Amino acid sequence: MVRRYLRLLTVQLKASGLQALQYRADFFTDGFTSLCWVFTALAPLFVVYSSRPEVEGWSFGEALLVVGWFTLLQGILEGAINPSLTGVVEHIRKGTLDFVLLKPADAQFLVSTQRFLPWRAFNVLTGLGLFIYAFLLLGRGPSPLGLLTSLLLLGTSTVLLYSLWILTVSAAFFVVRVDNLTYLFTSIFDFARWPSSVFKGVAKGALTLVFTYVIPLALMTTFPAEAMLGRLPALSLVGAVVGSAAFAWVARRVWIRSIGHYTSASS
Amino acid sequence: MNARGLLRALPTMLRVSFAESVAYRAEMFVWVLSTTMPLVNMVLWMAVAKSAPVGNFGQADFVGYFLATFAVRQLTSAWAAWLINWEVKQGTLAMRLLRPISPLWGYASDNVAGFPMRVVVALPVVLLSIALVGADKAVPQHAWQWGLFLVAVLGGWAITFLANVAIGALSLFLDSSQKMMEVWMVLFFVCSGYMYPVEFLPEGLRTVIDWLPFRYQMGLPVELMTNAHDLPTALGLVARQWAWVLGMGALAVGLWKQGVKRFAAFGG
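Taken in order, these protein sequences are the chains called A and B. Counting in my numbering, the final residue of the first sequence is number 640, and the numbers go up one at a time with none missing. Counting in my numbering, the final residue of the second sequence is number 270, and the numbers go up one at a time with none missing.
Honestly, I wouldn't trust all of these hints.
Think about it this way: if two alpha-carbon atoms lie no more than 25 Å apart in a straight line, the pair counts; the simulated SDA-like pairs of lysine to any residue are [to be verified]:
| no. | chain 1 | residue 1 | chain 2 | residue 2 |
| --- | --- | --- | --- | --- |
| 1 | B | Lys259 | B | Leu172 |
| 2 | B | Lys259 | B | Trp186 |
| 3 | B | Lys181 | A | Leu501 |
| 4 | B | Lys181 | A | Thr559 |
| 5 | B | Lys91 | A | Thr459 |
| 6 | A | Lys467 | A | Arg625 |
| 7 | A | Lys476 | A | Gln385 |
| 8 | B | Lys91 | B | Met187 |
| 9 | B | Lys181 | A | Gly468 |
| 10 | B | Lys91 | A | Asn553 |
| 11 | B | Lys259 | B | Lys52 |
| 12 | B | Lys91 | B | Phe202 |
| 13 | B | Lys91 | A | His464 |
| 14 | B | Lys181 | A | Thr413 |
| 15 | B | Lys181 | B | Ser36 |
| 16 | B | Lys259 | B | Trp88 |
| 17 | B | Lys181 | A | Thr402 |
| 18 | B | Lys52 | A | Phe584 |
| 19 | B | Lys91 | B | Leu176 |
| 20 | B | Lys91 | A | Glu463 |
| 21 | A | Lys573 | B | Phe202 |
| 22 | B | Lys181 | A | Ala398 |
| 23 | A | Lys467 | A | Ala544 |
| 24 | A | Lys467 | B | Lys91 |
| 25 | B | Lys52 | A | Gly434 |
In short, the hints are calculated from the structure, not lab data. If you're wondering where the values come from, they're calculated on a predicted model, not measured in any experiment.
Bound conformation, chain A alone (with noise of 0.2 Å):
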């Protein structure tokens, strides 16, 4: 059974690589513009800390790791969640889903594999360029046990991400029309940019619990690089991988809900 899937996955990728390779100006075409966002990140950093040498307790080069892992997982978003997902609005919309659920596996992983941009992992890159210069201007490399929890948070929150965009998509199925919500869903992601803490002073706490506990974002950024400042609490650690296994289950339930809800549109 895994070893099908697993087989599978590698036929999927291999698709997707070809294609890829079709366009190999595009590595440096998406590498320049993923360069420039990054700078759009990084804009208003540098006019904060040129006023004031640390916000709401992190330094530039702590906020810098948050910004690095944003910018990490825009890559791991970009790249291997939102070009399949887009997909699957389109199959919707255009009734030819169903040819994806009458094949002998499971629609979910099928639609979640269909396709990657690899050259968009130039993000990935750009990520972990910002981690070493985060760490050359704290002056002191990170802990190896930091570094192994913030790997761990690092599979938590792709899980995350990827929960959240199935409900996103799943949405799909009530409300045609949606291809400018998943739009919607990488402006909000927008907010992991900042360390998580500078929302404490907004409306009583309130945006923290939000980003928290009901749209996830502090775990996904904040969370990792406190843990490679080796900072972050055990609970805290504990807490982002239960609640993360929570998500995926809840994601997978309404999933299955959705899919009932499916009309094929066309014919």
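With chain A's structure known, arrange chain B on it following the hints.
Below, chain B without anything else, positioned relative to chain A:
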């Protein structure tokens, strides 16, 4: 097509575009919700200003500034570049070219007719801003300020729209100019005052930005809305803005005229 024919056609075109914007109101609402960038930056700056004000800006000033940014963004946004890219690629630009009126008027009327719906969205935000920080930090105080603000919003929209047309027209030379539009957007984000008031930038950089178009797309209307300038400064800045409108207009029309000659209607 002469000016009289244009004047006769425009009301109808605007009516059609307005009906379209009403029909797709849910979609527009989602677009509005996805304008999170001013809010993302508002919370950051509020946290920064919590202990002490930054320059002339306290927490309340930041709230006023970024809510104004949100409202101005609604009123000055344009998306013609993406539309032109799409229509060139699909070949459907041919349908527009068949009409006895320049497609540019069609794109403009699509944009302008969305205004009433966008005002409906911007207004509650402005009211919220007045309720949160008081009228003197949220809206213009004198008649001349209102007048200049409206001129600046119109100018800001015009620069945005014409830049969109110019970059969109490049797709006729380059097959696709979407990446170029992305680069433009990045420059806009960084230089326009969309993410932070431009006065926080170092002196040298600000002189450069004063000569670039981006600040006049967003920063200037927002500054006029939050009463940052006295009359002579404001007049000078608005004059520069309109110089950019003229320059960008000439560039856009020139590129478009040269580009359309190359249009080959693939796929259409």
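Pair hint outcome, Lys181/B versus Gly468/A [Cα-Cα no greater than 25 Å]: At roughly 31 Å apart (the allowed maximum being 25 Å), Gly468/A and Lys181/B break the hint.
So if I understand the rule, the pair passes when the alpha-carbon distance is 25 Å or less; does Lys476/A with Gln385/A pass? holds (14 Å)
Tell me if the straight-line CA distance from Lys91/B to His464/A falls inside 25 Å. holds (22 Å)
Holds or violated: Lys259/B to Leu172/B, with C-alpha atoms at most 25 Å apart: Cα-Cα ~11 Å, so holds.
For a C-alpha distance cap of 25 Å, please report whether Lys91/B and Glu463/A respect it. Judged against 25 Å, a Cα distance of about 19 Å means the pair holds.
Within a Cα-Cα threshold of 25 Å, do Lys91/B and Met187/B meet the stated pairing? Judged against 25 Å, a Cα distance of about 21 Å means the pair holds.
Satisfaction of hint between Phe202/B and Lys91/B, Cα-Cα up to 25 Å: Violated, because 41 Å separates the two Cα atoms, which is more than 25 Å.
Do the alpha carbons of Lys259/B and Trp88/B lie within 25 Å of each other, as the hint requires? Status holds; Cα separation ~18 Å.
When you check the alpha-carbon spacing of Lys52/B and Phe584/A, does it fall within 25 Å? holds (20 Å)
Pairwise hint evaluation, Leu176/B against Lys91/B, where the allowed Cα distance is 25 Å at most: holds (11 Å)
Tell me if the straight-line CA distance from Lys467/A to Lys91/B falls inside 25 Å. At roughly 21 Å apart (the allowed maximum being 25 Å), Lys91/B and Lys467/A satisfy the hint.
Next pair to validate is Lys91/B with Asn553/A; report whether the Cα-Cα distance is within 25 Å. Roughly 20 Å between the alpha carbons, so the hint for Lys91/B and Asn553/A holds.
Taken one by one, the earlier hints fail for this structure at numbers 9, 11 and 12, listed in ascending order.
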